[in-house]
Each structure stands twice: as C-alpha cells, then as structure tokens.
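Dock chain V against the given chain G, drawing on the hints supplied.
What follows is the residue order along each chain.
2 protein chains.
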Amino acid sequence: MAEKLTPRGEDFSKWYNEIVQRAELADYSPVRGSMVIRPYGYSLWEAVHDGLDRRFKATGHQNAYFPLFIPMSFLQKEKEHVEGFSPELAVVTIAGGEQLEEPLVVRPTSETIIGYMYAQWIKSYRDLPVLINCWNNVVRWELRTRLFLRTAEFLWQEGHTAHATEEEADAETLRMLDVYTDFAQNDAAIPVIPGRKSETEKFAGAVRSYTIEAMMGDKKALQSGTSHFLGQNFAKAFEIKFLDKNNELQYAWTTSWGMSTRIIGGIIMVHGDDQGLRLPPKMAPIQVVIVPIFKSDAEKARVMPVVEQMRELLGDTVRVKVDEREETPGFKFNDWEMRGVPVRMEVGPKDVDKGSVVLARRDIPGREGKAFVPQAGIADAVRDLLAKIQSNMLKQATEFRDANLREPKTYDEFKAAVDDGFARAWWCSEKQCEAEIKDDTKATTRCIPLEQPGGSGTCIHCGKPASEIAIFAKAY
Amino acid sequence: MAEKLTPRGEDFSKWYNEIVQRAELADYSPVRGSMVIRPYGYSLWEAVHDGLDRRFKATGHQNAYFPLFIPMSFLQKEKEHVEGFSPELAVVTIAGGEQLEEPLVVRPTSETIIGYMYAQWIKSYRDLPVLINCWNNVVRWELRTRLFLRTAEFLWQEGHTAHATEEEADAETLRMLDVYTDFAQNDAAIPVIPGRKSETEKFAGAVRSYTIEAMMGDKKALQSGTSHFLGQNFAKAFEIKFLDKNNELQYAWTTSWGMSTRIIGGIIMVHGDDQGLRLPPKMAPIQVVIVPIFKSDAEKARVMPVVEQMRELLGDTVRVKVDEREETPGFKFNDWEMRGVPVRMEVGPKDVDKGSVVLARRDIPGREGKAFVPQAGIADAVRDLLAKIQSNMLKQATEFRDANLREPKTYDEFKAAVDDGFARAWWCSEKQCEAEIKDDTKATTRCIPLEQPGGSGTCIHCGKPASEIAIFAKAY
Chain G
175 MAEKLTPRGE
185 DFSKWYNEIV
195 QRAELADYSP
205 VRGSMVIRPY
215 GYSLWEAVHD
225 GLDRRFKATG
235 HQNAYFPLFI
245 PMSFLQKEKE
255 HVEGFSPELA
265 VVTIAGGEQL
275 EEPLVVRPTS
285 ETIIGYMYAQ
295 WIKSYRDLPV
305 LINCWNNVVR
315 WELRTRLFLR
325 TAEFLWQEGH
335 TAHATEEEAD
345 AETLRMLDVY
355 TDFAQNDAAI
365 PVIPGRKSET
375 EKFAGAVRSY
385 TIEAMMGDKK
395 ALQSGTSHFL
405 GQNFAKAFEI
415 KFLDKNNELQ
425 YAWTTSWGMS
435 TRIIGGIIMV
445 HGDDQGLRLP
455 PKMAPIQVVI
465 VPIFKSDAEK
475 ARVMPVVEQM
485 RELLGDTVRV
495 KVDEREETPG
505 FKFNDWEMRG
515 VPVRMEVGPK
525 DVDKGSVVLA
535 RRDIPGREGK
545 AFVPQAGIAD
555 AVRDLLAKIQ
565 SNMLKQATEF
575 RDANLREPKT
585 YDEFKAAVDD
595 GFARAWWCSE
605 KQCEAEIKDD
615 TKATTRCIPL
625 EQPGGSGTCI
635 HCGKPASEIA
645 IFAKAY
Chain V
175 MAEKLTPRGE
185 DFSKWYNEIV
195 QRAELADYSP
205 VRGSMVIRPY
215 GYSLWEAVHD
225 GLDRRFKATG
235 HQNAYFPLFI
245 PMSFLQKEKE
255 HVEGFSPELA
265 VVTIAGGEQL
275 EEPLVVRPTS
285 ETIIGYMYAQ
295 WIKSYRDLPV
305 LINCWNNVVR
315 WELRTRLFLR
325 TAEFLWQEGH
335 TAHATEEEAD
345 AETLRMLDVY
355 TDFAQNDAAI
365 PVIPGRKSET
375 EKFAGAVRSY
385 TIEAMMGDKK
395 ALQSGTSHFL
405 GQNFAKAFEI
415 KFLDKNNELQ
425 YAWTTSWGMS
435 TRIIGGIIMV
445 HGDDQGLRLP
455 PKMAPIQVVI
465 VPIFKSDAEK
475 ARVMPVVEQM
485 RELLGDTVRV
495 KVDEREETPG
505 FKFNDWEMRG
515 VPVRMEVGPK
525 DVDKGSVVLA
535 RRDIPGREGK
545 AFVPQAGIAD
555 AVRDLLAKIQ
565 SNMLKQATEF
575 RDANLREPKT
585 YDEFKAAVDD
595 GFARAWWCSE
605 KQCEAEIKDD
615 TKATTRCIPL
625 EQPGGSGTCI
635 HCGKPASEIA
645 IFAKAY
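The listed protein sequences derive, respectively, from chains G and V.
Per this note's numbering: the first sequence ends with 650, consecutive numbering throughout.
Per this note's numbering: the second sequence ends with 650, consecutive numbering throughout.
What the hints contain is simulated information worked out from the structure, not anything from laboratory work.
Since this is a predicted model, take the numbers as computed values, not measurements.
Just so you know, not all the hints are guaranteed correct.
Any copy, or any two copies together, can satisfy a pair, since identical chains are not distinguished.
[To be verified] Below are the PhoX-like pairs computed for lysine-lysine, each with C-alpha atoms no more than 25 Å apart in a straight line:
1. K419 with K506
2. K231 with K456
3. K231 with K605
4. K506 with K231
5. K251 with K474
6. K605 with K419
7. K178 with K456
8. K562 with K410
9. K456 with K569
10. K231 with K495
11. K393 with K474
12. K506 with K188
13. K178 with K297
14. K506 with K297
Next comes chain G alone, as it looks inside the complex (with noise of 0.2 Å):
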C-alpha cells in the first residue's frame, strides 16, 4: 500500500506538494521554475478553460490569439508597466542563428502588443467595444516557484477590451470580477472576497485593480483572479484613439483581466485534505468511479454484469470510471480517494443481491457519508449526490473561511488575527502604513472588499481616519 500523506496541520507545504506529485496533477520540468502539466492536472484546467471560456462568451467576449514575442521597445512605452515587470522577464537575443536587432521579450502578459493591434483597429466609436480574450502561455521568471502557484512560465487567460467611456469600462473590470466570482464559488466551490487592490498591490500600469481572494487551508490568502481598469494609460502610450458621435478624436479606454493555472493550486489547498485530493464535481475529470468488488470468479461473473449496467445507465450525463485494475478494493479505495473523486460507486455480490449499489462520498469521510441506493434510477440518484457535494463544499469551505476571519478592535488582536487567518480591519489606506504592517506582520492587504459597512473608522494600524474597511492576510 502507498505511503501516507504527510498530514495537511503537520506541514501544509509538503503536504500540498505531495498530492501534487501523488494525484499525478503536475511534475518538476527540467527547466528551472516550469511545470510539466500531467494529464489527470490538465484535465483540471481544461474544466476551469470550459467554465471562464462558457462565461465570456456569454458576456459577449470572443476569443484571439497575439504573439508570444513583443519587441522591448513596446514594454517601454508605459512606464510603470516596465518597471513592473523588466524584473522578471525572459529575453530571446537570438533567432534563426543571427543576433537581433531589438531583443523580443517572451510576453509577461500582453498590454503592450494588444494595444499595438488596437491602435490599428479601433478609428471610430462603431469599432467599439472590442471584446476579446486570449488563452495563451506567459513567461515571469521567478526565483521562488511552486507547482502551479508560481511558475516562470504558466497557462492562464488574458481578457483585453477597449471602450469608448470610461463608464462602460468601468462597468467591464466589475463584470469580470463577477465572472470570476460566479466561477470560483458555483463551479471551483471556493468562497472569495472580491475587492479593490490597494495602490501598492496594483497592477503594474493599472489605474485600479480589482481582485478576488481566497482562503487557502492553511488559512493564508491566494489571489485567484485579477480584473483592471487601464483609464487611458495604455491607449495614451499606443495612441489607441477613435472619432466619437461628434466626430472628435479620443483616447479609448482599455482593461484587462485574467485567471490562471494558480487557480488548480486553490482547489487543492482549499478543499484537500489528509487523505489527498477533493475536486468539486464541476471540475472532476471523474465524478464517479465504479469499484467492483469480488472474491472469486463467480462473484466476478454476477458483479461485472451489474457494472456495466450502472456504467451505461450514468455514462451520458456524468463522468464515470470503471476500475477495473488488478489491485485491492483498499487499494483502489485510496488511490481515488488521493485523486479526489467526489462519488466512489461500490458493487459487490450482496449488493447485486440487494439490487442496489453503495455510494462513498468524498466531501463526508466514513459511514455518515455512504449510502446504500437502489440501482434503478442510479442516474438520478448519482445527478442529485453530486448536486449536493458541490454545495456542501462550497459550504465546507466557506464555513472554514468564516471561523478564521475576525474583526480585530485592537492592533494586538489584529496582529494575532492575521498570525493564523484573515484581518478585516477599517484602514487609512497610506502606503506607508502598509508598509508598516507587512514589516511587523508579514501580512498584506489582500483587497478591499467591494462590501464596506459604510460610515468611517480609525485605521486600525496607525489610528489615522479611514474610510474603508481592508482584508489583511499573509499571502502566496
């Protein structure tokens, strides 16, 4: 039998990079910082690319693609965008076996190019809004990198519009940062904050950046999808400009918008657990997977017949397996356990008998979570269970949340508060001051959250007025 996990309190980091390894989502590359992206961890984000690309299409976006090169010269052009970033950038010198003449950036993300194109599209107010999106690979070389978490290079989305008011671009940044948050909460089963960036925590040649935030098991905070109002900032350095109604040229107003691979790191730090993974039935690759149980080749001879049954009957609306490996009911058990498989189907001789079937939940661990149902109508039975795993996640997770959110009076209790969960706080909102925080605390502001109470505080760092409540966490 396999080994056992290290236990999630014990050490959450290895324990996360264990069931990476283990549930075989994602390996070590040969290449420093990048990821071999494994079939059953691929499958993942093939179910987060279904569940966004659904949504922005519904939301009229259409998809595009850009070049994964852009020539230095254009990351120079909007000046906190470079500095943001030339950090992290990778550089190809070399192409076809001569030296370049302008070095070509492996795209960070891509501002800069889009805005180029746009420029060439966009001449008047009919040509707007331009909705589009791009899936696509980007490079940000980091030193500290973890499998999925930080990678130098990572798969994501990257939506870019442009738009003739600010209003209506205004109105876009807050309607991805819903498709985020209807995606992280209906589909992932994640609960998150949705807020505002802090100045310091912004995106690098954004005027406002909006985020949502998670709570990951070991309590600390995972920014899981970004969603930022450019103003003109970019339209201004790529002169993307249009004639309005009144024939008069103006500067559009651009966003941008993206998820990426990280997100399959949050499912498994919010919803994993001692035994390993626990995937949302929206996003298992396997909703169900059938154990046949038998001791001999008679019991074999009734039990498989009744498989079948139970695989055709679910095979149109849910994904299923059949395990038909060599190996011990124990040892299946554990090895889809570690996978995360929200329902384990169980036929054995009694159960043929019985005319029903055993169902294990993943979500609810022992006897309360296994139910004995009658094979006809298994269908329904199985749609109705895994209706039910996903909300009682989303509720797991959402409680778990909760209990390790407090509303710190004192910076005291704050300091403990944001040791081991979520700080909200009122806050001045002063760099200074959070830059003071993240000295003594380690923590950060996560956002400030699109909910405020109302009314007015004293920042619960330096005690200055403060208009808006923040959420303050130690963060990946």
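Quick look at chain V alone, frame taken from chain G:
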C-alpha cells in the same frame, strides 16, 4: 461598397492575402513573421481544436502541457533532430535580468523535453502505452512567412506516444494519420492523399513520416498534417526504458503527430472563390446569417418578428446570427459572402406574406443556389441543407483535385503535369533522382500514397526500376 477582391485566377497569392485581411481572419504583427489571429480566424481554430480533440479523446488520448523552453543540450541529444531544427531556433539567453548559463530554446517541437519526462514516468510495461497530446504554440524562425501558412510562431497540437512494441507504435502512427484524414475530409471538406514522406522530406529524427497532402485552388500542394514513427531514436537519446513482462529492460517505441493553424490556410485556399471565403458548415463559426429586408418602418415591423422567430427556431441546433446593422442588404450579402457563411436567410415582406423565407447557398452561386422554404419546419430544412453543403463542398474539392491530378507516361508529360497540378508516377525512391526532379521542375515528392497499385514500373525521371508510385507537386 467594398472594393472587389483580386480574382483568384489573376493573382492567387494576392487573392489569398486579401481574403485573410478582409474576412478579418488574421493580421500582420509588429514582430517579424508572427501573426495575430483575429476573432473570426480564431473561431476557425476553435473548430479545428474541437474536431480533433474529440477524435483524440475517442482514441484514448489525454491532453497535457510541457514547458515552452527547452535546454539547448536536449536538442543536441538526437543528431538528425538538432540538424533539422537548429537553423530555425529562437533562443532565450537572458532571464530575470541575468545571462543564462545554458541558453533556452523556445520549443520548435517537443520530442526532446517530452522524451526526458517520459524517461522519468515510464518504468514498466504496465506504464505503457502513454498516449498524450498537447495544444500549444511553437516557434520556427522562418525567413519567408505567409499568414497561417508559414509563420515564425504558430499554434498546433503535438501528440507524443510511447509503446512497448514496434507494431503498436507503427499502428498508432497510422491511426493518427487516419484521424487527420477523417477530420480533413469530413469536417474541413478537404480531400487528402494519405501517404509516406520520402527520406528527404521526412521529419528530422523520424524513422518514417506520414502526411496528408491536399490540393489548393492554385493546384499546389499543402502538407496538412503529419504523423511520425520515431522508432527507438528518441527513446535511445533520452533513455526511455521499461521492464517488459520478462523483466528485461527495453527501449520504448515512440510516435509524434501534429496539425497546425496552417490548416486554416488550407481551408481558405481549397474552398475560397472570387467572392471570398467559403466555409464548410462544420467549421463555420456562423452557419446561417439572417438578413432582414425592408424598405420602411412599416415593413420592418412586419419582418422583424419573423426574423426573431426564425432565430429562435434555429438557435438550439445551428450557429445563427441576425445581421441588424444599418447597411443595405446588398452590402450585407457581399460581406457575409466574403466571410464564407454557408447559408444566408433572407426575410422580406413578401416572405412574411407567403410564410416562407429565402435560403441562399454559398457553395452554389446565383439563382441555382436559392430556394423558397416554408417557415414551418425551418430547423429541419436548414439542418438538411447544411449537411448537403458540407458534402457538396467535399465533392467540389474532390472533383477539382481529381481533374488536376495526372498520371504522366513520359517525363515531358510529367513536367507538364507538375507545372499545373499533381502528378502520380512510378518513382525509384532515390534521393539523387528526387533532387534532380526538384531542380528541374520545382516539384517535390509530396508522398508515397498508402494506396498503391501493386506490381512495379520504371521511374518517371531516371528510368530505373520502381516499386512504388509517388505524388509530385509544387508545394507550399
């Protein structure tokens, strides 16, 4: 009204570039040789993706992702491979502000890094076969580029499989060639000739390469998908070894196969005409465009409810768009013809009176392709029509190809044939002879078709004994 396209017969290359631009499929980028794939072009790529991905999964393959960057030393491990690719490499020498100790190649294809990972994963015959596909971007620094057909960066899929026996790997190579053939003919409506590449034309590092070759509208050939039997070449270079059933250490047998955004160029060049693009229904992002026709507000008020009703009736089964722009019907007809939409539905006041609509086929110009169809049962009528168009477009392309594929009996006939089409002829298989033919005629061996007449003949060029027939043509 928009300027007319350059006629296809007048300047094929100019006609091609104009279609790509005017149908907004792609655009030139500021990075030499890299293209921007615009939303309409990208939705064609999504149709390619979906059509292939479905077939890959149905044949037991899973998707995964491997790093963009490959250490230079990896490429050097397979001698023919590095010789074939080194003139085209883009090389990262600086990352994170520092000179890299070992330069990183931007993948031109991933056999080497995948070979390295397979060596880690494959230990026993129980781990085989490994059937993995990747959707990604690759870079080959080409000097002369054409949108879709030859670009420095392109999107593709690359399948990489490992097997316990030569027979299995060989069968996989041919199975995937079949998958490409099936996709090309049944989805893209492109008739192809599946066959083996000559020694000169095969993939750098392969034992045998297979290809599907298609005839474009200018009678030149396009290599549209390839499948390679790699033997044990990469297994030996990367030590992909496994214990067989007898507990003996064996090298694995590997394959690779790919289709790229190039196929979009093929779709344009096979089906396009002087009015623009023509898309086979299975590939078309918009299968039916509804153009409302009215001359007054009163007419509009009668027409639009029927238009809306038609959209609803079609909406579930067909990709439909209503063109509500404030342009003339004539402008809209031209515009959608340019974009290759298979069916145009016209709804005017007379149609409302008669309870019918006009359906105009893109594959049959003029009156012959127009019909009045009752509004009742429109969904079935349109589905039937789309199926007819799909098969008619394959028929048209096949007839064109067959009319321009000749079987010359003399070298003079051969030269005439390859000057204006494909030649099928006995060939001695020798590199020297192949090179002479190329020098003389600019035609290359496209493939040695899987379907052979049997028996033997004399080489069309050198007169030596020949055991196989080959296809020769000028090619993209």
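Do the hints match the structure? See the list:
no. : hint           : verdict
1   : K419 with K506 : between (66 Å within a copy, 23 Å between copies)
2   : K231 with K456 : both (19 Å within a copy, 19 Å between copies)
3   : K231 with K605 : neither (38 Å within a copy, 52 Å between copies)
4   : K506 with K231 : between (39 Å within a copy, 24 Å between copies)
5   : K251 with K474 : neither (69 Å within a copy, 49 Å between copies)
6   : K605 with K419 : neither (41 Å within a copy, 66 Å between copies)
7   : K178 with K456 : neither (27 Å within a copy, 50 Å between copies)
8   : K562 with K410 : neither (50 Å within a copy, 51 Å between copies)
9   : K456 with K569 : within (15 Å within a copy, 42 Å between copies)
10  : K231 with K495 : between (31 Å within a copy, 14 Å between copies)
11  : K393 with K474 : neither (46 Å within a copy, 60 Å between copies)
12  : K506 with K188 : within (23 Å within a copy, 61 Å between copies)
13  : K178 with K297 : between (62 Å within a copy, 22 Å between copies)
14  : K506 with K297 : between (61 Å within a copy, 21 Å between copies)
Going down the numbered hints, you'll see the structure goes against 3, 5, 6, 7, 8, 11, while the others check out.
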